[in-house]
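Listed in order, the protein sequences are those of chains A and B.
The opening position of the first sequence corresponds to residue 925 in our numbering, with each subsequent residue numbered one higher.
The opening position of the second sequence corresponds to residue 7 in our numbering, with each subsequent residue numbered one higher.
Note that these hints are calculated values from the structure, not bench results.
Note that the coordinates shown come from a computational prediction; the quantities given were computed from them, not determined experimentally.
Glycine included, C-beta positions come from ideal geometry on N, C-alpha and C.
Careful: at least some of the hints might be erroneous.
Coverage of chain B stretches by chain A, computed from C-beta distances (three or more under 8 Å per stretch; other residues unrestricted) [unchecked claim]:
| hint | segment |
| --- | --- |
| 1 | 50 to 60 |
| 2 | 64 to 76 |
Over the 12 Å line for every Cβ pair with chain A, so calculated as not near, a few chain B residues [claimed, not checked]:
| hint | residue |
| --- | --- |
| 3 | K10 |
| 4 | S16 |
| 5 | G43 |
| 6 | L208 |
| 7 | H274 |
| 8 | R287 |
| 9 | E303 |
Quick list of simulated restraints, FRET-style, between CB atoms [stated by the list, open to error]:
| hint | chain 1 | residue 1 | chain 2 | residue 2 | range |
| --- | --- | --- | --- | --- | --- |
| 10 | A | S1024 | B | H127 | 54 to 60 Å |
| 11 | A | N1230 | B | D120 | 53 to 59 Å |
| 12 | A | V963 | B | R201 | 49 to 55 Å |
| 13 | A | D995 | B | G30 | 37 to 43 Å |
| 14 | B | E229 | A | D1033 | 39 to 45 Å |
| 15 | A | L1213 | B | G289 | 44 to 50 Å |
| 16 | A | A940 | B | A271 | 19 to 25 Å |
| 17 | B | V123 | A | H966 | 24 to 30 Å |
| 18 | B | H85 | A | T1204 | 51 to 57 Å |
| 19 | A | R1170 | B | G226 | 17 to 23 Å |
| 20 | B | R199 | A | E1023 | 54 to 60 Å |
| 21 | A | A940 | B | D202 | 17 to 23 Å |
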Amino acid sequence: MTIDPARALGRALGIAQLSTQIARIDPALLAQAGLATDVSLHAGMLEQQGAWDAFVRRHAPSDAAARALLDNPFYRQLSRRFSGSTEYVALEELCRLHESGEFDLIVLDTPPAAHALDFVYAPARVDRLLDSGVVGLLTGPHPRAATLLHRLQRATGRDALREVTDFAAAFGRLSAAIRRRSAESRALLWGEQTAFVLVAGPEPDVLRGAESLRTSMRQLGLSLSAVVQNRVQPHFDGAQITDAERVLAALSSSGVDDSSVSWLRQIHADAACMARTQQTAWKHFTGTLPDEVARARVPLLGRDVNSVGDLLALSQALFTD
Amino acid sequence: MLGKGGVGKSTVAAALALMFAQRGARVLGIELDAPGGLSGLLGVALPRPGAIVETPAGVSLTYFDGADALTEYLRRKMHLGRLADTVVEHPLYQAFVQAAPGVKELMAIGKVRDELVLKSHWDFVVVDAGASGHALEYLRMPAATRATFRRGRVHREASRVHALLADPVRTAVHVVATPEEMPVLEAIETTERLRDELGLPLGRIIVNRHAPPAPAAVAGALEVLAQMPIQDAGQRAAREQLQSVARQRLGWLQIQTRGVAELEAATHARALLLPLLPSARFGMAELSALANALAPELI
């Protein structure tokens, strides 16, 4: 499951558009890559709109309560256009997949580093919102709220504010279901059956970003199971560089044009430099990791990932290191 | 400046700000999402939200945090008097700010307008808006808010921010990609959404880490390399390594050629190419090189 629209991944798996409808990868594609055709591999994506509506229908205490939310203009804007609401339903979807028992393993591809943990924070945020009494404040008579609501009304217009309070009332009827869900999703995220794998690009600045993600995870008490440095330039040692110099000198004296020789020299030096930088950054990054965290470096594939075969090549690189 | 995570958009944003500063302009770099990139590249610590710091490169720098901006807005604009303190310190408010979708993004982008329009001190403001998915949220929030709240102050202010973003004279949204398939696809998708869904003025499509082409005769040279008699085992291994590096680079060049062509065809625009700069430590010299590559295209 991916939270990001991953078109290239979808195409590699032979699925035009990953969606909430989880699709099985065509066994013929698996066979082409040399896998057994009874391998059962599925893929899908969490879509904001569909997932929210489904959530409301599933958890509303009655059809009327569901309609009250689904028809509310503020809800429609919120679920379609506003950012940050995807994470709540991402978790809902994850819990449902897990409960269905249909899969032995669920791999969830989170958003990039800066927002990777948003869905982990989501249950706590919703709980805090429900605990705070904002729903009651917006819907019930509340002496201290009168002034504030009056100000808000001037700022937003009366209709819009009524839509918001109607929304709050309808949302409030879902609060028992939401609380139950967030307790279940916490149990899942922090449970023993869940493993977190941190994948980073090879460059030092990317690994620095991964470092702060790791710190956040530690603070949250999430257990990191593995770290991966992806698209790594293979390393050269000093002797290899000297040998390459000799080979290039020989090539130059066998009548090859200078521009080709200096191009080869340049790209070889570039690669050596990148390899060194990446290795130093990796050593620094893994230096403070506890022993039980698995680590893997996946070499640069040198082409785009376009097929199940390419994914298989990555998978082999991942597990042979 | 926006683009897929890892394509170097903070680097390009820093180079753009540096380019303006080197030509005597008053430039403010603004970090919005996942801060630390611009400030790190320009050699200063991340300022606290809203504070402006000077960098050695002559670029001023700040960081806007949505939650902070909302608090400031409530205090200054909502005329709540002492009630404002009660509101912002209330756990309910804190919970609302963390949970309410889009509020932080709206307030942060609104503050960009305040900085640019109300202060009118800057010749250029360069905003590092983060990875495209989330950066688009910043750009979309003013229009979404305007549609949700159809009158009142929130409507008016969201409209003003949207008007600035949609004004091709004052705003250019640059999209950064590397010439690989996935970043290219994402850049095309971002460009389409900017144009069709958000109606915002597209700046340049910037292709970062663009490798120089291989010399025409390189295929022949690789042929000679393969045939060359080599006795020494170490040198034979070195030859294999050279061949593998060459294969890799030629593969990259092929992907790059296709990627740039696809980008240009889909966006009907010529891409701005920035050179691949392999170095042990990306520093001011590299940033300057990128600024010099941007200058002839953007001035």
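Going down the list of hints, with the structure as the test:
For a cut-off of 8 Å, the count of residues in the segment 50 to 60 of chain B with a CB near a CB of chain A stands at 0, and the three-residue condition is violated. Three residues within the 8 Å Cβ limit are the bar, and the segment 64 to 76 of chain B against chain A gives 0, so the coverage statement is violated. Distance check for K10 of chain B against chain A: the nearest CB is about 8 Å away, which does not clear 12 Å, and the non-interface claim fails. Listed as outside the interface, S16 of chain B is inconsistent with that label: its C-beta sits roughly 8 Å from the nearest C-beta of chain A, within the 12 Å cut-off.
A cut-off of 12 Å between C-beta atoms contradicts the statement that G43 of chain B is not in contact with chain A; the least separation is 8 Å. A cut-off of 12 Å between C-beta atoms confirms that L208 of chain B is not in contact with chain A; the least separation is 20 Å. Against chain A, the non-interface label of H274 of chain B holds: every CB pair exceeds 12 Å, the least being about 21 Å. Under the 12 Å C-beta cut-off, the non-interface status given to R287 of chain B relative to chain A is violated; the minimum distance is some 8 Å.
Taking the minimum C-beta to C-beta distance to chain A, about 24 Å, the non-interface status of E303 of chain B holds against the 12 Å cut. Range check, S1024 of chain A to H127 of chain B: about 57 Å between beta-carbon atoms, so the 54 to 60 Å window is met. Look at N1230 of chain A against D120 of chain B: about 46 Å separates their beta carbons, and that is not inside 53 to 59 Å. Range check, V963 of chain A to R201 of chain B: Cβ separation about 41 Å, and the 49 to 55 Å hint is violated.
About 57 Å separates the C-beta atoms of D995 of chain A and G30 of chain B, a value inconsistent with the hinted range of 37 to 43 Å. Here the CB-CB span from E229 of chain B to D1033 of chain A is close to 42 Å, well matched to the stated 39 to 45 Å. Judged by the Cβ atoms, the range 44 to 50 Å given for L1213 of chain A and G289 of chain B is violated: they are separated by roughly 28 Å. Here the CB-CB span from A940 of chain A to A271 of chain B is close to 20 Å, well matched to the stated 19 to 25 Å.
Range check, V123 of chain B to H966 of chain A: Cβ separation about 50 Å, and the 24 to 30 Å hint is violated. A hinted range of 51 to 57 Å holds for the C-beta pair H85 of chain B and T1204 of chain A, which are about 56 Å apart. In this structure the supplied range 17 to 23 Å holds for R1170 of chain A paired with G226 of chain B, their Cβ-Cβ distance being about 21 Å. Taken as a hint, the range 54 to 60 Å is violated for the pair R199 of chain B and E1023 of chain A, whose Cβ atoms sit roughly 34 Å apart.
A hinted range of 17 to 23 Å holds for the C-beta pair A940 of chain A and D202 of chain B, which are about 20 Å apart.
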